Amino acid sequence: MLIKRRYGWEIPEHKVTPEALFLNRRTVLSGLAGAALTGIAGPARAEGDPSQGLYPAPVNPAYKDAGRAVTDEKYNTNYNNFYEFGTSKGIAAEAENLKIRPWEIAVDGEVDKPFVIGIDDLLKKVTLEERVYRHRCVEAWSMVVPWTGFPLKKLVELASPTADAKYVRFETFNNPEMASGQQPGLFGTMPWPYVEGLTMAEAMHDLTFVVTGAYGKPVAKSMGAPIRIHMPWKYGFKSIKSIIKVSFVKERPIGFWEQLQSSEYGFWANVNPQVPHPRWSQASEQVLGTGERIDTQLYNGYGEFVASLYQGLENEKLYM
Amino acid sequence: MQIRTLLSPWTDRAGRFSFLKTTVFVLVLLPALYYAVKLGQNDLGPLPYKEALHRIGDWTVRFLVVTLALTPLQRILMWPKLAVIRRMLGVTAFTYALIHFSLYVVNEKLDLVFVATEIVKRVYLTIGFTALIGLSLLAATSTDAALRKLGRNWKRLHMIVYGIAVLALLHYFMQSKIDVSQATLWSGFFLLLMIYRLAVKWRLALTPLTLAGCAVAAGLATALIEFAWYGIATGVDPVRVLKANLAFAYGLRPAWIVLIVGLIAALLPWIKPVYAAATTRLSPARNAATR
Numbered sequence: 003m004l005i006k007r008r009y010g011w012e013i014p015e016h017k018v019t020p021e022a023l024f025l026n027r028r029t030v031l032s033g034l035a036g037a038a039l040t041g042i043a044g045p046a047r048a049e050g051d052p053s054q055g056l057y058p059a060p061v062n063p064a065y066k067d068a069g070r071a072v073t074d075e076k077y078n079t080n081y082n083n084f085y086e087f088g089t090s091k092g093i094a095a096e097a098e099n100l101k102i103r104p105w106e107i108a109v110d111g112e113v114d115k116p117f118v119i120g121i122d123d124l125l126k127k128v129t130l131e132e133r134v135y136r137h138r139c140v141e142a143w144s145m146v147v148p149w150t151g152f153p154l155k156k157l158v159e160l161a162s163p164t165a166d167a168k169y170v171r172f173e174t175f176n177n178p179e180m181a182s183g184q185q186p187g188l189f190g191t192m193p194w195p196y197v198e199g200l201t202m203a204e205a206m207h208d209l210t211f212v213v214t215g216a217y218g219k220p221v222a223k224s225m226g227a228p229i230r231i232h233m234p235w236k237y238g239f240k241s242i243k244s245i246i247k248v249s250f251v252k253e254r255p256i257g258f259w260e261q262l263q264s265s266e267y268g269f270w271a272n273v274n275p276q277v278p279h280p281r282w283s284q285a286s287e288q289v290l291g292t293g294e295r296i297d298t299q300l301y302n303g304y305g306e307f308v309a310s311l312y313q314g315l316e317n318e319k320l321y322m
Numbered sequence: 171m172q173i174r175t176l177l178s179p180w181t182d183r184a185g186r187f188s189f190l191k192t193t194v195f196v197l198v199l200l201p202a203l204y205y206a207v208k209l210g211q212n213d214l215g216p217l218p219y220k221e222a223l224h225r226i227g228d229w230t231v232r233f234l235v236v237t238l239a240l241t242p243l244q245r246i247l248m249w250p251k252l253a254v255i256r257r258m259l260g261v262t263a264f265t266y267a268l269i270h271f272s273l274y275v276v277n278e279k280l281d282l283v284f285v286a287t288e289i290v291k292r293v294y295l296t297i298g299f300t301a302l303i304g305l306s307l308l309a310a311t312s313t314d315a316a317l318r319k320l321g322r323n324w325k326r327l328h329m330i331v332y333g334i335a336v337l338a339l340l341h342y343f344m345q346s347k348i349d350v351s352q353a354t355l356w357s358g359f360f361l362l363l364m365i366y367r368l369a370v371k372w373r374l375a376l377t378p379l380t381l382a383g384c385a386v387a388a389g390l391a392t393a394l395i396e397f398a399w400y401g402i403a404t405g406v407d408p409v410r411v412l413k414a415n416l417a418f419a420y421g422l423r424p425a426w427i428v429l430i431v432g433l434i435a436a437l438l439p440w441i442k443p444v445y446a447a448a449t450t451r452l453s454p455a456r457n458a459a460t461r
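Taken in sequence, the protein lines are chains B and X.
In the working numbering, each number is its position in the first sequence, counted from 1, plus 2.
In the working numbering, each number is its position in the second sequence, counted from 1, plus 170.
None of these hints come from the bench; they were simulated from the model.
The structure presented is a predicted model; accordingly, all values stated were derived computationally and were not measured.
Errors might be hidden in some of the hints.
Mimicking PhoX-like on lysine-lysine, the simulated pairs with C-alpha atoms at most 25 Å apart in a straight line are [unchecked claim]:
#1 X:291 <-> B:76
#2 X:325 <-> B:91
#3 X:291 <-> X:208
#4 B:91 <-> B:127
#5 B:319 <-> X:220
#6 B:219 <-> B:101
#7 B:76 <-> B:155
#8 B:247 <-> X:291
To be clear about the criterion: a stretch of chain B counts as covered by chain X if any three or more of its residues have a C-beta under 8 Å from a C-beta of chain X, and this derived list gives those stretches [to be verified]:
#9 188-201
#10 214-226
#11 303-316
Computed list of chain X residues with no C-beta within reach of chain B, every gap over 12 Å [stated by the list, open to error]:
#12 187
#13 194
#14 197
#15 239
#16 277
#17 279
#18 307
#19 347
#20 350
#21 351
#22 390
#23 404
#24 413
#25 415
#26 430
Just so you know, even glycine gets a beta-carbon here, dropped at the ideal spot from N, CA and C.
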């Protein structure tokens with residue numbers, strides 16, 4: 003038992019962390035230490051993220067290994083669906099316009115007492131941990147990411163929803179001055195802000211993760227800084243980025259993509275290789291940066307943990 | 171009949187070096203070369219084959235539409251010599267379509283059974299594949315021998331290019347996610363070219379005024395296509411899409427680009443005589459020889 007646990011702690015550090023990143027952590031840390039000593043921060047970090055010191059967080063041994071190699075950071079910070087900043091995958095430069103401080107999150111709806119909390123105050127109330135999750139996009143590609151964050155159920159506990167709360171509805175910013183994709187013109191016609199939702203049972207599930215970091219540092223702007231969700235058993239569009247509002251509601255929320263194309267994107271969107279997207283097969287997925295194509299697994303391989311959530315819901319379109 | 175057996179991409183039918191043909195030949199090779207080099211350098215992002223297949227697909231549609239632009243341009247410019255590049259451009263469109271399809275097969279790990287089932291199951295792939303079959307028919311009958319053999323039927327057969335273009339554009343729309351700007355733009359150009367043909371059929375003289383009218387009609391039709399697509403295929407409010415055409419500060423929408431290109435084309439009949447006069451003055455002998 004002891005041996006197994008120790009083995010578990012040793013392996014992930016080496017196996018799941020690319021060497022370049024491991025070195026980078028030290029660079030970041032030493033940079034911070036230097037800044038602290040001299041009393042001034044380095045130019046690049048000066049207006050940066052005050053939460054830098056919280057990373058890297060300890061790895062949760064239960065999620066230390068996703069069974070596949072971690073995707074090279076350069077790929078998943080430069081290959082994003084973040085329509086607020088444009089419709090191509092290459093929005094990383096544009097997403098640098100995202101202002102992540104000050105950042106407030108409103109918690110409202112069916113709760114004892116609605117409140118607004120700053121991201122850094124929220125980070126003080128939670129314990130960050132690192133989890134390596136597989137991510138499956140509805141576009142039939144996938145990646146493996148070492149996220150840092152905390153289970154959504156912590157936030158639900160802080161919010162203290164009433165018995166009337168049946169769903170959690172998340173909302174991303176709507177700020178055309180900051181996000182070129184939200185400006186007037188064609189993309190101003192989209193139903194902004196981006197909205198996504200999940201059931202209370204899904205929200206309380208241990209796998210449902212609030213992400214504030216990735217690769218041992220604050221999460222990149224292109225990946226939805228400073229706070230986003232990740233649910234590894236659902237298609238990626240369910241995992242909303244850059245959240246400013248968390249509402250506990252009675253009615254099932256209608257997500258951004260569901261509004262745009264309800265015949266293609268639904269509320270549940272659980273990964274299932276047997277159920278094709280109306281326009282393409284979901285049987286396999288391309289792993290970013292590897293040239294590999296692998297078979298897709300039911301619930302993205304997390305079925306043993308989440309399948310029970312959907313018992314009795316067989317009449318729902320669980321996989322779209 | 172004196173038909174040369176060997177027609178190189180740099181000579182005209184009389185076997186003389188053609189600057190126009192050579193230039194076009196080099197130009198049509200460039201996009202394919204660019205993506206070949208990028209693929210070789212592994213510089214197309216985390217899914218390089220998927221990226222290359224999409225970009226070559228873009229070029230396929232562009233070459234197909236440009237091919238269809240030659241006949242109207244010949245008339246507008248009164249420049250029959252333009253015909254020397256038409257076949258080359260048509261064959262280019264087919265070649266790009268074939269590369270596009272091959273990249274799809276490579277991206278699916280050469281799993282031909284899977285590719286075949288997908289083509290049958292997914293409507294947009296069925297449409298795209300039908301267009302490819304059509305283009306291969308046209309490419310296979312693009313030789314002088316086929317032209318002679320088919321006689322009058324050759325022209326009839328090659329009329330299917332219009333249907334192929336419609337299929338290709340539909341495939342372009344259907345594979346897009348919510349952003350159909352490129353598909354709209356190239357459909358707009360296609361419509362402009364079809365409106366020119368309609369004008370010719372109605373025996374209208376292609377004066378700058380007629381051409382400007384064609385440009386306005388094509389611009390409006392482009393806006394209408396975009397409006398219809400969003401209204402029918404998406405949950406976006408199509409009225410807002412229509413209004414977005416007026417948000418000039420955030421980039422020109424396809425309808426305006428089609429209108430502007432059409433208006434520039436409307437100026438060509440004026441520019442051509444000036445240009446012709448200038449070249450005649452500069453090299454009267456050469457000009458006489460080409461007539």
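Each hint tested on the structure:
1. For the hint pairing residue 291 of chain X with residue 76 of chain B, the CA-to-CA distance comes to about 35 Å; that exceeds 25 Å, so the pair is violated.
2. For the given pair, residue 325 of chain X sits about 43 Å from residue 91 of chain B by alpha-carbon distance, which is inconsistent with the 25 Å threshold.
3. Distance restraint check for residue 291 of chain X and residue 208 of chain X: the Cα-Cα separation of roughly 32 Å exceeds the 25 Å cut-off, and the hinted pair is therefore not satisfied.
4. Note on residue 91 of chain B and residue 127 of chain B: the hinted pairing is violated, with a Cα-Cα distance of about 34 Å set against a maximum of 25 Å.
5. Among the hinted pairs, residue 319 of chain B with residue 220 of chain X is inconsistent with the structure: their alpha-carbon atoms are about 29 Å apart, more than 25 Å.
6. Our distance criterion of 25 Å between C-alpha atoms is met by residue 219 of chain B and residue 101 of chain B, whose separation comes to about 17 Å.
7. Of the supplied pair hints, the one linking residue 76 of chain B and residue 155 of chain B is violated, its CA atoms being roughly 31 Å apart against a limit of 25 Å.
8. For a cut-off of 25 Å, the pair hint linking residue 247 of chain B to residue 291 of chain X is broken: about 40 Å separates their Cα positions.
9. For the segment 188-201 of chain B, the assignment as covered by chain X holds, since 6 residues bring a beta-carbon within under 8 Å of that chain's beta-carbons and 3 suffice.
10. For the segment 214-226 of chain B, the stated coverage by chain X is violated: 0 residues have a C-beta nearer than 8 Å to a C-beta of that chain, whereas at least 3 were required.
11. Taking a C-beta to C-beta cut-off of 8 Å, the segment 303-316 of chain B contributes 0 residues in contact with chain X, too few for the three needed, and the coverage statement is violated.
12. Every CB of chain B lies more than 12 Å from the CB of residue 187 of chain X, the least distance being 42 Å, so the non-interface label holds.
13. Under the 12 Å C-beta cut-off, the non-interface status given to residue 194 of chain X relative to chain B holds; the minimum distance is some 29 Å.
14. Listed as a non-interface residue, residue 197 of chain X keeps its Cβ farther than 12 Å from every Cβ of chain B; the least gap is roughly 25 Å.
15. At roughly 26 Å from the closest C-beta of chain B, the C-beta of residue 239 of chain X stays outside 12 Å, upholding its exclusion from the interface.
16. The Cβ of residue 277 of chain X sits about 8 Å from the closest Cβ of chain B, inside the 12 Å cut-off, so the non-interface label is violated.
17. The Cβ of residue 279 of chain X sits about 5 Å from the closest Cβ of chain B, inside the 12 Å cut-off, so the non-interface label is violated.
18. Every beta carbon of chain B lies more than 12 Å from that of residue 307 of chain X, the smallest distance being close to 27 Å; the non-interface claim holds.
19. Not every Cβ of chain B is farther than 12 Å from the Cβ of residue 347 of chain X; the closest lies at roughly 7 Å, contradicting the non-interface assignment.
20. Residue-level check failed: residue 350 of chain X sits 9 Å from the nearest beta carbon of chain B, not beyond 12 Å.
21. Not every beta carbon of chain B lies more than 12 Å from that of residue 351 of chain X, the smallest distance being close to 7 Å; the non-interface claim is violated.
22. Its beta-carbon lying about 17 Å from the closest one in chain B, residue 390 of chain X satisfies the requirement of being farther than 12 Å from that chain.
23. Distance check for residue 404 of chain X against chain B: the nearest CB is about 6 Å away, which does not clear 12 Å, and the non-interface claim fails.
24. Listed as outside the interface, residue 413 of chain X is inconsistent with that label: its C-beta sits roughly 8 Å from the nearest C-beta of chain B, within the 12 Å cut-off.
25. Look at residue 415 of chain X: its CB is around 9 Å from the nearest CB on chain B, not clear of 12 Å, so calling it non-interface is violated.
26. With a least beta-carbon separation of about 17 Å from chain B, residue 430 of chain X lies farther than 12 Å from that chain, consistent with its non-interface assignment.
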